[in-house]
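Which chain is which? The protein sequence lines are A, B, C and D, in order. Per the numbering used here, the first sequence starts with residue 1, numbered consecutively. Per the numbering used here, the second sequence starts with residue 1, numbered consecutively. Per the numbering used here, the third sequence starts with residue 1, numbered consecutively. Per the numbering used here, the fourth sequence starts with residue 1, numbered consecutively.
Derived by calculation from the structure, the hints in this document are not laboratory data. Treat the hints with care, since some could be wrong.
Restricting the straight-line Cα-Cα distance to at most 30 Å, the calculated cross-link-like pairs of lysine-lysine (DSS-like) are [to be verified]:
#1 Lys72(C) x Lys88(B)
#2 Lys88(A) x Lys29(A)
#3 Lys72(D) x Lys29(B)
#4 Lys68(A) x Lys72(D)
Covered stretches of chain D (in silico footprint by chain C; criterion: 3 or more residues with CB under 8 Å from a CB of chain C, positions within the stretch not fixed) [what the hints assert, rightly or not]:
#5 3 to 11
#6 21 to 28
Glycine included, each C-beta is placed from N, C-alpha and C at the ideal position.
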Amino acid sequence: MDLSLSTRTVGDRTVVEVGGEIDVYTAPKLREQLVELVNEGHYHLIVDMEGVDFLDSTGLGVLVGGLKRVRAHEGSLRLVCNQERILKIFRITGLTKVFPIHSSVDEAVAATD
Amino acid sequence: MDLSLSTRTVGDRTVVEVGGEIDVYTAPKLREQLVELVNEGHYHLIVDMEGVDFLDSTGLGVLVGGLKRVRAHEGSLRLVCNQERILKIFRITGLTKVFPIHSSVDEAVAATD
Amino acid sequence: MATVELRFSALPEHVRTARLVAAAVARRAGVDESVLDEVRLAVGEACSRAVGLHRRSGIDDAVRVTLVEQEKRFLIEVGDGVPGTAGTENGSSRAIDGASGEDAAEAAMGLAVISGLVDDLDIGSDENGGVVRMSWPVAVHPVLP
Amino acid sequence: MATVELRFSALPEHVRTARLVAAAVARRAGVDESVLDEVRLAVGEACSRAVGLHRRSGIDDAVRVTLVEQEKRFLIEVGDGVPGTAGTENGSSRAIDGASGEDAAEAAMGLAVISGLVDDLDIGSDENGGVVRMSWPVAVHPVLP
Ligand SMILES: Nc1ncnc2c1ncn2[C@@H]1O[C@H](COP(=O)(O)OP(=O)(O)O)[C@@H](O)[C@H]1O
Ligand SMILES: Nc1ncnc2c1ncn2[C@@H]1O[C@H](COP(=O)(O)OP(=O)(O)O)[C@@H](O)[C@H]1O
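Construct the entire structure; sequences and hints are all you get.
If you want it as structure tokens, here you go:
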């Protein structure tokens, strides 16, 4: 299954809803989207991964890249994910310590550091 | 997807409902079922293929084998199929002339030669 | 020019894997959705036939499926390891010669399905054995991620 | 002892095909449903890594994936065509040596995922290049049709 991306604004946050598979083939598309958002001045991103079926290390790399970019502008990148098999990948790689992970978009929107 | 088989009796007819893929791997299971039915004295068979997703020439071979078996006992083998992609395979191989093909089990049950 | 090659031991269960791979790669290459059923069925038939030939001939070699993305066509070759009779032009008679009785009927039916489905079909051989070559057009713009 | 082998040119899109094949063959071999996600992910990571190595090294050879059904284990080997430094015991350092900067970080992350997922893992090499070997237990009674 391919990657789907849709973006919306909630207050000062930008929510990127991702669906499908984030892997070595589709990750570049997600990277482009994140780079574009940051270039347009969106520094507080929420990546909603509830519709993601598959995530590999290339996808993780792109998320880490996104985090570095927004941080360069004092921004934030929060994830929304409840799927155990996706969360497992963040745990294995120690990235649960790097990303704030929320159980809903509302929770992520309400969160402050 | 694997093959599923279920059998029921309607009057003097025996309906075999087939689901999934009938191919080189699963066709032997269908053959066994048909052989068993004929051995048990069921000579008027209706094979309901509405749940079939895939049919190849091995599957066709098994149906032809079943037809020969019931005919040896003055029996019949009718098919129920409305799916264009499955019907196409019967047409390509000329088997639409060999099998009575019906659009519903009721129609097949009501049919006489 | 991207190529995927699948080799599998001559067991019926692997024919499904070959169908799966062929359809997935063909879709990605831009073969039209409406034709994918045909691709799946044709590859399955060619592989079933190869598996049958290997088993009847007691050949241990793998069946080979090669998928080649050309500029305008998607090419699939299914190769068996059963050396053809030298000079046999007609692959179908070769396949059927190797079989007995109902096997022959099955092989014939498989070929009937393939040739009924595939417009661009070539049944020949290479140094290893028989090769069924089939191709389908691809859309000019293949599917992007 | 049935074996399926997949070879593909080093393009990211074929990694998905490899995942699909590995999961399909593993399921049929009797690998537990609950583990198939792991198989898919681990094979994907190993293939992504191999594709990265080939591309960075400018190697045209195919990436090879071999699936072997053993009596009690299902074995997957992913082989690249990048010859290792002689005497290097540690495949991971080899993989990362070949990469620069963020590629290195990505390769490291891929290996972190594989080693976090797979209990029986061996990263070594053969005459062609690096080989990642992984295996999983199979149920005693594999799935029947
Ligand atoms: N597993 C990882 N752990 C830590 N950092 C990583 C990891 N993967 C990638 N990175 C870092 O994240 C960044 C990757 O960003 P990337 O998505 O490649 O962005 P770009 O190429 O657009 O700059 C790099 O700086 C890399 O060092
Ligand atoms: N394509 C075909 N056209 C005509 N007859 C066929 C075809 N395929 C198989 N048959 C015939 O159908 C029968 C196949 O039966 P089969 O399912 O192999 O039964 P069994 O092996 O149980 O006797 C054989 O007699 C064979 O000759």
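Evaluation of the provided hints:
1. Straight-line distance between C-alpha atoms of lysine 72(C) and lysine 88(B) comes to about 27 Å, which keeps the hinted pair within the 30 Å bound.
2. Proposed proximity of lysine 88(A) and lysine 29(A) is supported: the alpha carbons are some 23 Å apart, at most 30 Å.
3. Of the supplied pair hints, the one linking lysine 72(D) and lysine 29(B) holds, its CA atoms being roughly 25 Å apart against a limit of 30 Å.
4. Distance check on the hinted pair: lysine 68(A) and lysine 72(D) sit about 45 Å apart at the alpha-carbon level, beyond 30 Å; violated.
5. Counting residues of the stretch 3 to 11 of chain D whose C-beta lies closer than 8 Å to any C-beta of chain C gives 8; at least three are required, and the coverage claim holds.
6. By the rule of at least three residues with a Cβ nearer than 8 Å to a Cβ of chain C, the coverage given for the stretch 21 to 28 of chain D holds, with 4 such residues.
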